[in-house]
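S.K.: The end of the sequence shown is residue 1307 by my numbering, with every number in the run present.
Rather than coming from a laboratory, the hints here were simulated on the basis of the structure.
Since we're looking at a predicted model, the values are computed, not measured.
Among the clues, some could well be false.
[As the list claims (entries may be wrong)] In the DSS-like style, the derived pairs of lysine-lysine whose C-alpha atoms are separated by at most 27 Å in a straight line are:
#1 1239 / 1228
#2 1012 / 1239
#3 941 / 968
#4 1012 / 968
#5 1034 / 1012
#6 1034 / 968
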Amino acid sequence: MSHYPYSGESRLSIYITPAIARGEPWTARHLSNNNLRQHCHSLARIFRGPHPLTQPIRDPCARLLAAIEEKCNLLTRVHPSEYQLIPVLTRISAYAEKWIRQPETWSGDRSEDPRAVIRSLLGHLFMLWEVPEFFDNAWLVKGELRYLERDWYCHFALGGSLRKVRGMPPSITSRALHLAMRAPRDLTIRQALRWGQVRSSGGGEEWLAEVSSSRMVRDLSNDAIWSRLLEKLIRAKDFDPGHFGLIADTLIEVMEREHVSRAESLTALPLDELLRYSRRYWRTLLRLVRIEMPGSRNDINCRHLRAELHQMNGNRWACLPRSRTFESVHEEGGMSSRFRIVELTHQWQLVAESRAMKHCIHTYGRACKAGRCSIFSVRQEETVGGRTITTSHLTIEVDRRSRRILQTRGRRNRLVTAREIPMLRKWADAIELTFPI
871 MSHYPYSGES
881 RLSIYITPAI
891 ARGEPWTARH
901 LSNNNLRQHC
911 HSLARIFRGP
921 HPLTQPIRDP
931 CARLLAAIEE
941 KCNLLTRVHP
951 SEYQLIPVLT
961 RISAYAEKWI
971 RQPETWSGDR
981 SEDPRAVIRS
991 LLGHLFMLWE
1001 VPEFFDNAWL
1011 VKGELRYLER
1021 DWYCHFALGG
1031 SLRKVRGMPP
1041 SITSRALHLA
1051 MRAPRDLTIR
1061 QALRWGQVRS
1071 SGGGEEWLAE
1081 VSSSRMVRDL
1091 SNDAIWSRLL
1101 EKLIRAKDFD
1111 PGHFGLIADT
1121 LIEVMEREHV
1131 SRAESLTALP
1141 LDELLRYSRR
1151 YWRTLLRLVR
1161 IEMPGSRNDI
1171 NCRHLRAELH
1181 QMNGNRWACL
1191 PRSRTFESVH
1201 EEGGMSSRFR
1211 IVELTHQWQL
1221 VAESRAMKHC
1231 IHTYGRACKA
1241 GRCSIFSVRQ
1251 EETVGGRTIT
1261 TSHLTIEVDR
1271 RSRRILQTRG
1281 RRNRLVTARE
1291 IPMLRKWADA
1301 IELTFPI
């Protein structure tokens, strides 16, 4: 008996998804089942037109889809928002040369759980030896079709040793690898490896939760540092696991912005010194951001805030050559105002400028990072009641190649006034810019 509710749709569905994978035309209105229709839309987006990445996997994917349609009801019963079936099948198709059995000989699975159905299909296609369930999550990872953890899956399913697999850090002990095989099914392979490391060092549930949710999970290239750090922290019985994320995020920043050797030297510090350094690092970064964005959060123990600070600090670009801070003092009516022109080299600075000036300069980050333009802010400093108050006054865009000022705008995109032009000309001459007539 067909699992499609209408006989016309039943006849059509036998051919519809393999046909879409092969690039044949189809009509969405012929499908009354919304789940099937949404899967077909997803499939059509992936295989729209010839492409060097998708062309070789059209036929394997069509064969997988034919087996899925014939032997289970995932396409009609499960919506793409519940389980990304089409992307998973596409990734499996990219490993067709690793199949040890063919999709046509799969016996099918009528389970209500889509994960169980896909595990049955994966076992048929790849497994000579049973693999832990968390390995299945390798097929859920977005991005490139060929992916390191999927390579590991195929290697391990054929009975290969994880110790000898390409990309496995030699610093992960055999005991940690053995314990990792017992990790919960909802973890990724990399999380499971960290799970095994924590268990082998004697860490409990609190440690498992902190480590598996940290950014260091994804970093396998520096595992020698992470292995030493985990062992050192877990064995220090008075260390609060809640501080692990703070330290790990600090070391990641140091590796990216300085050097791995610097991170190694920090790891060798006594724990109280390492924790003080980590707090000082994030407070300094937070202080820089809050100067421009005073309404931002301030709890450096929050990993979401650290991720936000990392993103802001990472989106930076080089200064315009020969650029430097410019200052000018204006006297008027017995009052003096100091103007400073500074270059904005971080995305968070553009966001702060955009908020203060009520214009769209925050959208220029990509152009700045690509080296097409540089953005400068004219800041006005006034002393009121013994306090210096700084406000954004003008925003300037400069073409990096020609060193020509492209536009100058004030609050709500107002044009520059005649009184402001002399100061701008003086600044342009000082750093060798072309001022528009």
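S.K.: The structure should be examined with respect to each hint, and the outcome stated for every one.
M.R.: A quick look at each hint next to the structure:
1. Restraint check for residue 1239 and residue 1228: the C-alpha separation of about 22 Å stays at or below 27 Å, so the hint holds.
2. Pair hint residue 1012 plus residue 1239 holds up; C-alpha atoms about 25 Å apart against a cutoff of 27 Å.
3. Proximity of residue 941 to residue 968 is assessed by CA-CA distance (about 22 Å); at most 27 Å being required, the pair is judged to hold.
4. Between residue 1012 and residue 968, the direct Cα distance comes to roughly 20 Å. Compliance with the 27 Å bound is thereby established for this hinted pair.
5. Distance restraint check for residue 1034 and residue 1012: the Cα-Cα separation of roughly 25 Å lies within the 27 Å cut-off, and the hinted pair is therefore satisfied.
6. Our distance criterion of 27 Å between C-alpha atoms is met by residue 1034 and residue 968, whose separation comes to about 18 Å.
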